[in-house]
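There are 2 protein chains.
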Amino acid sequence: MRLVTLANETRDGHLHVVSQDGKRALPVDAVKTLQEAMERWDAILPDLQTLSRAVEDSGEPFAPNQALAPFPRAVQWLDGSAFETHALLIQQAWGMPVTGLPDRPLMYQGLSDRFLAPTQTAIFPSAEDGIDFEGEFGVILGDVPMGTSAKDALQYVRLIVLINDWSLRALGPIEMATGFGWLQCKPACSIAPFAVTPDELGSAWRDGRVGLPLNIHRNGQEFGKANGAQMKFGFDELIAHAAYSRDLPAGTILGSGTVANANYAEMGSSCIAERRAIELIETGTSETPFLTEGDRVTMSAQGPEGNDIFGAIDQSIQLVKATGV
Amino acid sequence: MRLVTLANETRDGHLHVVSQDGKRALPVDAVKTLQEAMERWDAILPDLQTLSRAVEDSGEPFAPNQALAPFPRAVQWLDGSAFETHALLIQQAWGMPVTGLPDRPLMYQGLSDRFLAPTQTAIFPSAEDGIDFEGEFGVILGDVPMGTSAKDALQYVRLIVLINDWSLRALGPIEMATGFGWLQCKPACSIAPFAVTPDELGSAWRDGRVGLPLNIHRNGQEFGKANGAQMKFGFDELIAHAAYSRDLPAGTILGSGTVANANYAEMGSSCIAERRAIELIETGTSETPFLTEGDRVTMSAQGPEGNDIFGAIDQSIQLVKATGV
Numbered sequence: 001m002r003l004v005t006l007a008n009e010t011r012d013g014h015l016h017v018v019s020q021d022g023k024r025a026l027p028v029d030a031v032k033t034l035q036e037a038m039e040r041w042d043a044i045l046p047d048l049q050t051l052s053r054a055v056e057d058s059g060e061p062f063a064p065n066q067a068l069a070p071f072p073r074a075v076q077w078l079d080g081s082a083f084e085t086h087a088l089l090i091q092q093a094w095g096m097p098v099t100g101l102p103d104r105p106l107m108y109q110g111l112s113d114r115f116l117a118p119t120q121t122a123i124f125p126s127a128e129d130g131i132d133f134e135g136e137f138g139v140i141l142g143d144v145p146m147g148t149s150a151k152d153a154l155q156y157v158r159l160i161v162l163i164n165d166w167s168l169r170a171l172g173p174i175e176m177a178t179g180f181g182w183l184q185c186k187p188a189c190s191i192a193p194f195a196v197t198p199d200e201l202g203s204a205w206r207d208g209r210v211g212l213p214l215n216i217h218r219n220g221q222e223f224g225k226a227n228g229a230q231m232k233f234g235f236d237e238l239i240a241h242a243a244y245s246r247d248l249p250a251g252t253i254l255g256s257g258t259v260a261n262a263n264y265a266e267m268g269s270s271c272i273a274e275r276r277a278i279e280l281i282e283t284g285t286s287e288t289p290f291l292t293e294g295d296r297v298t299m300s301a302q303g304p305e306g307n308d309i310f311g312a313i314d315q316s317i318q319l320v321k322a323t324g325v
Numbered sequence: 001m002r003l004v005t006l007a008n009e010t011r012d013g014h015l016h017v018v019s020q021d022g023k024r025a026l027p028v029d030a031v032k033t034l035q036e037a038m039e040r041w042d043a044i045l046p047d048l049q050t051l052s053r054a055v056e057d058s059g060e061p062f063a064p065n066q067a068l069a070p071f072p073r074a075v076q077w078l079d080g081s082a083f084e085t086h087a088l089l090i091q092q093a094w095g096m097p098v099t100g101l102p103d104r105p106l107m108y109q110g111l112s113d114r115f116l117a118p119t120q121t122a123i124f125p126s127a128e129d130g131i132d133f134e135g136e137f138g139v140i141l142g143d144v145p146m147g148t149s150a151k152d153a154l155q156y157v158r159l160i161v162l163i164n165d166w167s168l169r170a171l172g173p174i175e176m177a178t179g180f181g182w183l184q185c186k187p188a189c190s191i192a193p194f195a196v197t198p199d200e201l202g203s204a205w206r207d208g209r210v211g212l213p214l215n216i217h218r219n220g221q222e223f224g225k226a227n228g229a230q231m232k233f234g235f236d237e238l239i240a241h242a243a244y245s246r247d248l249p250a251g252t253i254l255g256s257g258t259v260a261n262a263n264y265a266e267m268g269s270s271c272i273a274e275r276r277a278i279e280l281i282e283t284g285t286s287e288t289p290f291l292t293e294g295d296r297v298t299m300s301a302q303g304p305e306g307n308d309i310f311g312a313i314d315q316s317i318q319l320v321k322a323t324g325v
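First to last, the sequence lines map onto chains A and B. In terms of the UniProt record's numbering, the numbers along the first sequence are unbroken and rise by one, the last being 325. In terms of the UniProt record's numbering, the numbers along the second sequence are unbroken and rise by one, the last being 325.
In short, the hints are calculated from the structure, not lab data. The structure presented is a predicted model; accordingly, all values stated were derived computationally and were not measured. Idealized CB from N, CA, C, for every residue including glycine. Just so you know, not all the hints are guaranteed correct.
[Unchecked claim] Taking lysine-lysine pairs in the BS3-like style, the calculated list, with each CA pair at most 25 Å apart, reads:
1) B:Lys321 <-> A:Lys151
2) A:Lys151 <-> A:Lys32
3) B:Lys32 <-> A:Lys32
4) A:Lys321 <-> B:Lys151
5) B:Lys232 <-> B:Lys151
[As the list claims (entries may be wrong)] To give an idea of the chain B side of the interface with chain A (calculated C-beta under 10 Å), a few residues:
6) Trp41
7) Arg73
8) Val75
9) Asp79
10) Ser112
11) Asp113
12) Ala177
13) Gly179
14) Pro187
15) Asp247
16) Leu248
17) Gly251
18) Ile278
19) Gly306
20) Asn307
21) Asp308
I would like the entire structure built from these sequences, with the hints used as guidance.
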């Protein structure tokens with residue numbers, strides 16, 4: 001089952017069930033929003049499943065730009081950093097001790113008062129901040145009680161999503177050095193249009209990891225297709241980490257961090273910072289520029305049968321300083 | 001004008017206007033919740049002001065335990081660390097370079113899916129985590145556009161609140177060292193019952209700072225009465241920092257960080273960690289223990305005329321491990 005939030009007159013849009021070809025949808029009546037669905041999941045699941053069958057025959061067409069983020073705003077956004085290769089490359093390039101990931105998950109709390117729609121223009125203050133994308137997978141959770149262990153955690157995974165965690169790299173090291181974590185360098189994320197139940201991934205959802213290539217293009221050129229399977233810590237361990245000292249409310253979005261693979265020479269990278277790190281290590285110079293006005297970034301992930309599971313993120317960049325917005 | 005959210009059958013409670021003695025209230029009809037009030041502030045302000053006059057004569061009594069946090073949940077919680085004395089003491093005690101605060105504000109994003117009610121029992125995993133309180137002042141904002149400067153920022157301050165930012169100290173250094181900031185060590189905060197307009201503070205609201213003593217008692221013993229005026233960065237600068245790369249939605253809560261004063265020998269501290277730092281510096285040993293099962297923490301702040309402006313936080317602690325919850 002795949003869900004999409006289509007624009008209406010409200011800030012949270014209207015939840016729909018979407019067809020396998022991603023082009024037709026039927027409105028959900030039992031609840032209006034994805035947040036309501038998360039809070040009443042068990043009660044409304046039969047309705048959603050009935051709609052999911054009906055949408056193949058009776059769905060109404062919709063245009064890609066009608067789709068909002070599945071959550072136009074959410075109760076909580078927690079972002080991990082679970083790919084060892086990414087940590088090793090960044091540490092080596094930046095002259096840090098090359099220790100890889102620590103023995104406990106890395107995670108920060110990001111803004112969740114808005115998520116950009118998949119085709120919405122992304123507006124940033126200035127190209128001098130080092131505008132970057134980060135392709136990652138995420139899970140949407142039901143209510144998770146404080147103290148939930150990793151072995152009990154995956155039962156709370158309701159939906160899987162594809163996320164672009166926009167980042168301002170020039171601000172990253174400054175904010176990391178304070179120990180307070182990231183604020184200015186992490187503006188609003190974007191989410192691909194379709195939030196899908198784990199069964200849509202078939203065997204690609206395994207061990208709490210999304211075993212799919214995350215396809216990223218920059219201005220029409222392939223940038224990366226790294227697979228989500230190589231997480232050091234699976235979503236089970238990320239959930240347990242997040243829930244150590246707090247209940248996680250239904251509708252929490254939990255991210256994997258930038259997807260990265262050990263064979264990056266073949267698979268590419270899921271963010272510019274990592275490619276620049278590889279260039280610096282291999283040639284002594286970072287060649288690939290960060291993003292600027294008018295640059296376009298697309299992300300998608302194809303399932304085992306070649307279908308486009310999450311729909312596509314397809315965004316262009318606009319600068320406040322360049323345009324006088 | 002002072003506002004209180006009283007419990008009803010909904011998760012967000014019902015917004016009321018409260019009398020000067022803090023004991024009687026009248027329900028707001030124009031909106032149900034404080035979040036709605038923040039989003040329609042200019043339109044409903046006349047209604048609120050009318051109620052604020054009427055409540056002195058016709059308000060209905062309510063019990064302290066009927067009051068929820070002004071926001072039982074909020075769109076965003078951003079917490080600064082703006083008191084130089086606190087930074088200097090912690091740095092000296094922990095053997096860090098004693099540089100004070102950096103030349104830009106420190107701030108992290110905390111969980112906002114829930115705020116504890118002022119008399120609600122606070123539940124934590126274990127006393128081994130170093131349970132601590134942090135008394136601080138906060139502002140509640142209207143919509144702040146990205147790029148707002150400090151000189152334009154104070155117009156967006158709608159209300160002022162008193163916050164206890166519960167902290168788990170044993171986890172703090174571990175999470176700071178990662179550069180990702182705090183997650184496990186910052187469970188849900190509590191907020192005192194009354195959110196007040198800046199005019200309620202008279203001349204104590206000046207230069208974007210709350211010039212009031214924050215009175216803290218631990219198990220009935222005075223712990224601190226530090227004044228909020230000594231922020232290195234005022235709320236104007238904190239707002240500009242937060243809004244550098246994002247719009248701040250109406251209802252954002254922005255905190256000052258632990259209130260601390262240079263004359264701490266007289267004023268005490270607003271958290272146990274700071275008192276332990278002072279003890280370590282002065283005697284070589286930290287004597288004051290962190291909190292455990294059954295400990296009680298109260299916080300309040302009296303205005304220039306001796307009135308209790310924000311009402312009182314009065315909470316006891318319960319441990320999961322001790323009680324088997």
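Now the hints, each set against the structure:
no.	hint	in the structure
1	B:Lys321 <-> A:Lys151	holds (19 Å)
2	A:Lys151 <-> A:Lys32	violated (33 Å)
3	B:Lys32 <-> A:Lys32	holds (20 Å)
4	A:Lys321 <-> B:Lys151	holds (19 Å)
5	B:Lys232 <-> B:Lys151	holds (16 Å)
6	Trp41	violated (17 Å)
7	Arg73	holds (7 Å)
8	Val75	holds (4 Å)
9	Asp79	holds (9 Å)
10	Ser112	holds (8 Å)
11	Asp113	holds (4 Å)
12	Ala177	holds (7 Å)
13	Gly179	holds (3 Å)
14	Pro187	holds (5 Å)
15	Asp247	holds (8 Å)
16	Leu248	holds (8 Å)
17	Gly251	holds (8 Å)
18	Ile278	violated (21 Å)
19	Gly306	violated (36 Å)
20	Asn307	violated (34 Å)
21	Asp308	violated (30 Å)
Checked against the numbered hints listed earlier, the structure breaks hints 2, 6, 18, 19, 20 and 21; every other hint is satisfied.
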